[in-house]
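Here the protein sequences come in this chain order: A and B. Counting from 1, one number per residue, gives the positions in the first sequence under my numbering. Counting from 1, one number per residue, gives the positions in the second sequence under my numbering.
The set of hints was computed from the structure by calculation and includes no laboratory data. A virtual CB, placed ideally from N, CA and C, is assigned to each residue, including glycine. Be aware that one or more of the hints could be misleading.
Only some residues are given here: those of chain B computed to face chain A with a beta carbon under 7 Å [unchecked claim]:
no.: 1; residue: Trp-14
no.: 2; residue: Val-34
no.: 3; residue: Arg-176
no.: 4; residue: Cys-229
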Amino acid sequence: MRTRLVERAKEGDDSAFTELVDLDGNMCYAIAFRILRDAERAQDAVQQAFLLAWRELPQLRDPERFGPWLHRLLVNACYDELRRHRRWSTRIRALPMEGPGGADPMLSVEDRDMLERAFARLTPQHRAVFVLHHHAGLPLAEIADAVGVPVGTVKSRLHHATRALRAAIAADGRVDTGEVRLA
Amino acid sequence: MNPTRERSAIVAAWLEEGPNELPESTRRAIAVDVRTTHQTRPSAWAPWRFPRMDRLTLVATAAVAVMALVVGGLVVRPFASDGSNVGGGRPSEPSPSTSSAPASASPSPPRPTTLVIPAMQQTFRSERFGYTVSYPAGWTVWSPAEPGGWSPPDWKDGSSIVDPFDYIESTPDGPRFRAGSAQLPVAMPDVDEWIDEFLTYGDPNCVPPRATQEVINIDGAPGRLWDACGEVEATVVVDGRVYMFTLFLGADRLTNGRQLFDALAATIDLRPEDAPLPSPSPSPESRTVGARLSREMPRDRAH
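Given only the sequences and the hints, what does the whole structure look like? Please build it.
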């Protein structure tokens with residue numbers, strides 16, 4: 001069904017493309033929000049990614065590749081957002097906690113604060129890999145495709161991001177630090 | 001819940017928080033964009049070749065093309081760069097790429113770089129995994145002290161935010177060396193298959209089956225190595241313990257990643273006797289496995 005929609009959209013059928021937005025919009029927004037940690041910027045990134053997808057869709061040779069291609073556009077749109085708003089990145093703001101189950105009672109205010117700070121220190125590339133793997137559940141090869149680096153680099157970035165976030169949790173002393181930094 | 005899993009659960013819970021539904025206002029805005037924006041169509045102003053071409057036209061076209069090349073060569077030749085660039089135009093420069101170039105829709109890949117292999121001046125000893133390795137000055141060692149050691153079957157669960165390996169890294173996005181070891185089950189059908197199943201983690205298009213990988217030698221112990229998709233990884237079995245050493249090349253696309261791996265691997269001293277005793281792992285009984293394992297374990301190694 002999706003492939004048929006992509007084919008129709010490629011031919012200029014805007015209603016087919018709107019259906020694709022209906023199908024993939026939530027997923028894109030969830031990813032963008034988690035990379036950008038900002039609802040408004042996430043909406044801008046999603047809008048930008050879909051607009052680009054619509055404009056460039058006739059160039060997409062294989063309709064089956066629409067999903068990975070859209071991920072790539074979305075990640076690039078997130079990078080653009082982060083670049084555009086870099087000067088504002090140090091401000092601290094309250095984040096919405098309107099997940100499916102609301103705020104997770106497992107998380108303390110300190111946990112959230114530590115994690116937000118640690119995440120803000122990651123580069124956009126590290127953020128994207130972490131979110132695509134641990135939130136979107138994409139396989140490493142697909143992430144490599146989306147961010148345009150080899151699988152080995154994806155693994156390496158994943159490790160770096162994961163370690164930074166776990167270290168943030170450990171830093172509040174509630175959980176013993178499991179890591180030793182040498183030299 | 002142990003501290004590692006608790007940390008993982010906290011990070012996972014934090015990641016799940018947040019909105020998951022694209023607001024209606026954004027959907028409407030996209031719909032307006034789509035209605036008011038033309039798609040970029042592939043250029044179709046001329047066919048890529050004439051549909052039919054008789055022999056005379058073909059010869060005439062070829063003659064014109066040759067003439068054009070000759071004349072073009074004569075015109076361009078005086079301005080060709082001879083190193084002085086005198087009289088010529090400015091040397092060509094790469095055009096700056098904009099971040100939102102629509103046609104590419106992807107970041108341009110970094111240029112391949114060749115690293116000058118640095119001297120291995122510092123040494124890290126892992127008592128947890130039973131090895132020492134030397135590494136360049138300025139690199140940083142990260143050694144997570146996971147309680148209970150490392151269980152490969154648990155680790156391979158890609159959804160877990162658990163990574164127990166030792167890491168020695170240059171910069172956050174530069175080359176990164178990873179190392180770990182685990183006791184093999186007492187008996188198993190095939191050590192190669194076990195490593196393929198529980199240890200090797202990556203794109204199947206990148207990682208060949210261990211039985212077909214290149215045969216290598218680390219500290220006198222025979223092993224296997226693969227080198228693809230931005231990483232070089234070796235597995236070595238010695239004294240019933242499997243070691244895995246990986247070099248992630250980083251975003252710089254090193255052309256001599258294998259050379260760097262070899263330089264690091266040449267300093268490795270395998271010390272399985274240093275590693276803590278394992279907890280017994282269940283495995284199917286098989287006598288053929290013992291034969292395979294003993295073939296991989298050199299008898300004359302001395303530590």
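- Violating hint indices (sorted, rising): As far as the earlier hints go, not one is violated by this structure.
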